[in-house]
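By the count of the numbering used here, the sequence shown reaches residue 294 at its end, each step adding exactly one.
No lab work stands behind these hints: they were computed from the structure. Check the hints yourself; a few may be wrong.
[What the hints assert, rightly or not] Derived lysine-lysine pairs resembling DSBU-like cross-links, with alpha carbons at most 30 angstroms apart: (1) 8 <-> 255; (2) 95 <-> 51; (3) 161 <-> 177; (4) 41 <-> 95; (5) 161 <-> 256.
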Amino acid sequence: MSTTKLQSLPEIPLPDAGAFAISPSGEFAVVCQTSSGKISIIDTRSGKILKTISFPRQPTGVEFSRNGMFLYVVLDRDAIVEFFTSDWRESKRITWTEIWTKIVADNDGGHVYAVSPRGIDELDVARLEIVRSFAYPGLRNSSALNSGNFLCVVTFEKFIVFDIQGWGAKLERKIESGSLVEIDPGRARAFVGQNLRRNVEIYDLASGDSLGSIPGNDIVQGIALTPSGSLAFIISYEGANMAVYDVDGEVKKIEDVSIGGDPRHVVVARDGARVYVTNGIALKVFEVSRV
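Using the sequences and the hints given, assemble the complete structure.
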């Protein structure tokens, strides 16, 4: 029987390291240094910072298009900026004045979907305009994840599967203190953080039925899954650690990994070989292996 092990690799010092994204190829990490008003582009193989881009407003989120050709940066109550990843040159920017926005990009970079406390907006990047909107007051920050033709979002009281093609809610389930959601597309599951309950509830995307939960003692700050959906990595506000769970059937805790600082964001590379975590001090890197 194989055992999962995490090996700590050299971390990359980055003051105020927060939200970040890993390119589809795994070659680049782009990290928001929000209070400094900049993003850093990092070569994940060497750990070197390739470029730093400064903005007049604070960057609060980043996202790659699924083909990796474009990067999108959310500037707080100012704009969504598109960059070419071939040379990190700015391509376009769309005026965007909403706070706490999470974006999901389509495959070719032509459209992005913005989730904010007012609802869901589809933005046509080429035409620099909002194509359509769906009012849904109370959507939470960091809650929009792509799963095929659907967005999964949460409010404080609801878990929602949103149909992009039909442009409406496909499924709603009552939850308690929803804060964020991560998707396991291969097994059609959603992992929903519930802050007051201090746990992660697992839902079936088709039926909305609960499949179980991951207990915890702290408020969940981030959730990431391996591509196979077999492992979950959960960071919390308190304790400065990352809990690793086997979720391939019955939920089993594998280990706690010390993160230090103030854990903020966690992402698994598309090949599942690495886990990245920011803690306000650095971008920490872990190699995942089966022994």
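Outcome of the hint check:
Only pairs whose Cα atoms come within 30 angstroms are accepted, and residue 8 paired with residue 255 is accepted, the gap being roughly 14 angstroms. For the hint linking residue 95 to residue 51, the alpha-carbon distance of about 27 angstroms falls within 30 angstroms, and the restraint holds. For the hint pairing residue 161 with residue 177, the CA-to-CA distance comes to about 5 angstroms; that is within 30 angstroms, so the pair holds. A C-alpha spacing of about 17 angstroms is found between residue 41 and residue 95, which places the hinted pair at or below 30 angstroms, so the restraint holds.
The hinted pair formed by residue 161 and residue 256 meets the criterion: a straight-line CA distance of about 27 angstroms does not exceed 30 angstroms.
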